[in-house]
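**Student:** Here is what each chain is made of, one letter per residue.
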Amino acid sequence: MTTAAAKVERLGQDLGRAGRYLAQSLRLMVGLPDYDAYLSHMEATHPDQPAMSYEQFFRERLEARYGSRVGRCC
Amino acid sequence: MLNIRRHLPWLAVAVLGAFALATVALGRGEAVSALWIVVAGVSVYLIAYRYYSLFLAYRVLGLDEKRQTPAWRHNDGLDYVPTNRYVLYGHHFAAIAGAGPLVGPVLAAQMGYLPGLLWILAGVVFAGAVQDFVVLFISTRRDGRSLGDLIKQEMGPVPGVIALFGAFMIMIIILAVLALIVVKALANSPWGTFTVAATIPVALFMGVYLRWIRPGRIGEVSLIGFVLLMLAIFGGQWVHESPALAPLFTFDGKALTWMLIGYGFVASVLPVWLLLAPRDYLSTFLKIGTIVALAIGILIVAPDLQMPRFTQFAQGNGPVWAGSLFPFLFITIACGAVSGFHALIASGTTPKMLENETHARFIGYGGMLAESFVAVMALVAASVIQPGVYFAMNSPAALVGSTPEAVAATLSTWGFVITPDVLIQTAKDVGENTILARAGGAPTLAVGMAHILHQVIGGKAMMAFWYHFAILFEALFILTAVDAGTRAGRFMLQDLLGTFVPALKRTESLPANLIATGLCVAAWGYFLYQGVVDPLGGINTLWPLFGISNQMLAAVALLLGTVVLFKMKKDRYAWTTIVPAAWLLACTLTAGWLKIFSADAKVGFLAHAAKFSDALAQGQLLAPAKTPEAMARIIFNDRLDAVLCGLFMFVVLSVLVYSVKASLAARAAGRPTTSEVPFQPLPLGAKA
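Residue numbers (the numbering used here), protein chains in the order written: chain L, 169 to 242; chain G, -3 to 684.
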């Protein structure tokens, strides 16, 4: 019983992770990297600097993506 | 024993693939299911990935799982982020897959489905995927530098500048040919024109929503946008059927051209959040969704192939594009087999996010395999419709006539028996006034997709919906590419002109912006207009120029790979890039030479110019020119195209010379002479 429950739980975790990856990948396709990864990076390496809010982060990435000199693929 | 057992499943895949290929290539007379093409393709991809990319990864390039990648070294949570490989694969695929793999195979189907299929498969395994993988590797080992910088670094500043200039010219041609595809699809199509026009207010609304109402909620706004787009398709049907509204959205090619030029100018000076970004979201998600839907559709419907394996046009003289199988097939299908533009992506954002160097194999090589699969699906879509319909859609009116009766009569003499009723009925089925002379790939692909998808969802009544869905999906990401490409071209141009007039370099100055944007739009607009008024359909002129330039960029990237392999002292494996580079050089230089000098006026620019100037000298007018001025313009355009073609050949030949010099120098050196960032180990806790 417990093993079955554990299996279901693990399956749920796997599906949850797959879903998170899919969402991350879709966001990255339009040039938006993972905000949580950015936050943890800032916390780990620049605790002295304020991190951007999600809205600022979103705007910053938007300008970076479309300000680049590489065109879109054919 | 254990060793052999490990390979047994792969042997099974290889046998299955060989059987599928044999069925596709050798069957006698009976109908072949498109599933065999899919099985053959997927088997080839699996074997190539399992064996050849493994060989490239560890024997040739020597990927090192312990080596630090730029994502770790420069981690800033923004550009440089160690990213899960599956997440990054999606990003990379979305960045490389565009209209190219959808259009080239459709155009190549005029020779039958087999030549195109074989080139797509062989090309991707030995050239396209190798190029993407090698460039991704090279850039990753050099802090994610761009292709231009890499060439500068490894071969010297002169070839670097030459390659950058080549990239700019390619961009102009790509924009012109992409815009031409949209014009061809929307000409005299009120439904399509309304739907595509409606994407502009939809995108503006999304932009405002994302900026002011719910900042940064991409998923939510994309869902709303998607619903609005579907409504726009139904709205298009309403417009198409309304006698009052239909004329308001019915335009000929010339009018659409001017609108696109104006649109390109305005769109690329607007702030990005207002129009470009939201439409980019829509087009990206729609692209991925449609590709998946098409794959599922082909699997469920398993349509039979109607196109013969070979048509008589495999000998040359085809109505869609002129020229013989070698070299022109190999430049007609660029993306999907090998695409030089990918070298810019593989040295762009992707190398800055690789979590581990070993992932370059999955993302570089594997990503290109996925794009190749898209090309195979496009080929399937073009081959499951009746050949008569295919040729009616893709042959210029100057060759086959402009009424259904005339077209049907001409095609029947070619052996593609079709009645005028079928042509009229097909147009009616997809909600169009006519399907004749719609070269450019998008409409044919849309008919093929509608043919497949209406059998999954909706039945016959939904066929017109699916057709316009497919048109919308292509037009949407082509318009995004036009917008983004004009912007990128403007920056390149400002850099270029800035060396002479420093004031033009300031990207924040409005006059400088407007001047550079105007020049950029004028450049691609010129070629677009020339293509639209071309009696042979424009595709016949512009697509080979695009193919030649794109394949030449691929050759340049593979030459860079060769130089780096020699510098790494991997001389014995340098054939992995030399062979595809040599093949591409042979194809593109032959094609370039023929496009300039062929005596056949359908192929050679100069022969065509001579034909018109001879006629002009004798006071005659040749169609479509109605005045001597129009004749003179055609002659000028032919010569311009010839010069452009020569320019591309000059670019690739000079890079060849520099790469041979660099390779010889590297061979003469007694030790590796690469300019990689020195080895640093991955930080503790970083996964392999």
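Hints are not guaranteed to be accurate.
As the list claims (entries may be wrong) - To give an idea of the interface, some chain G residues facing chain L are shown, with a C-beta separation under 10 Å as derived from the structure: (1) L84; (2) F89; (3) I214; (4) A273; (5) T280; (6) M349; (7) D479; (8) A480; (9) T503.
Stated by the list, open to error - With beta-carbon atoms standing in for the labels, derived distance ranges: (10) A405(G) with A232(L): 40 to 46 Å; (11) A240(G) with L183(L): 47 to 53 Å; (12) Q181(L) with D417(G): 55 to 61 Å; (13) A191(L) with D300(G): 53 to 59 Å.
These are computed hints drawn from the structure, not numbers from a lab. Virtual Cβ for every residue (Gly too), placed ideally from N, Cα, C.
**Student:** Run every hint past the structure and note whether it holds.
**Tutor:** Tested hints:
1. Restraint check, L84(G) versus chain L: the minimum CB separation of about 7 Å is within 10 Å; hint holds.
2. Among the interface hints, the one on F89(G) holds; its C-beta lies about 8 Å from the nearest C-beta in chain L, closer than the 10 Å criterion.
3. The restraint placing I214(G) at the interface with chain L holds, with a minimum CB-CB distance near 6 Å, inside the 10 Å limit.
4. Hint status for A273(G): holds, given a least beta-carbon distance of 6 Å to chain L, under 10 Å.
5. The interface hint given for T280(G) is met, as the beta carbon of that residue sits about 5 Å from the closest beta carbon of chain L, less than 10 Å.
6. At about 8 Å, the closest approach between the beta carbon of M349(G) and any beta carbon in chain L falls short of 10 Å, and the interface hint on this residue holds.
7. For D479(G), the interface hint holds, since its Cβ comes within 10 Å of a Cβ in chain L; the closest pair sits about 9 Å apart.
8. Hint status for A480(G): holds, given a least beta-carbon distance of 5 Å to chain L, under 10 Å.
9. Using the Cβ-Cβ criterion of 10 Å, the hint placing T503(G) at the interface with chain L is satisfied: the shortest such distance is roughly 8 Å.
10. A beta carbon spacing of about 57 Å between A405(G) and A232(L) contradicts the range 40 to 46 Å that was offered as a hint.
11. A C-beta distance of roughly 52 Å is found between A240(G) and L183(L), which places it inside the suggested range of 47 to 53 Å.
12. Between Q181(L) and D417(G) the Cβ separation comes to about 59 Å, which falls inside the hinted range of 55 to 61 Å.
13. The supplied range of 53 to 59 Å is broken by A191(L) and D300(G), whose beta-carbon atoms lie about 39 Å from each other.
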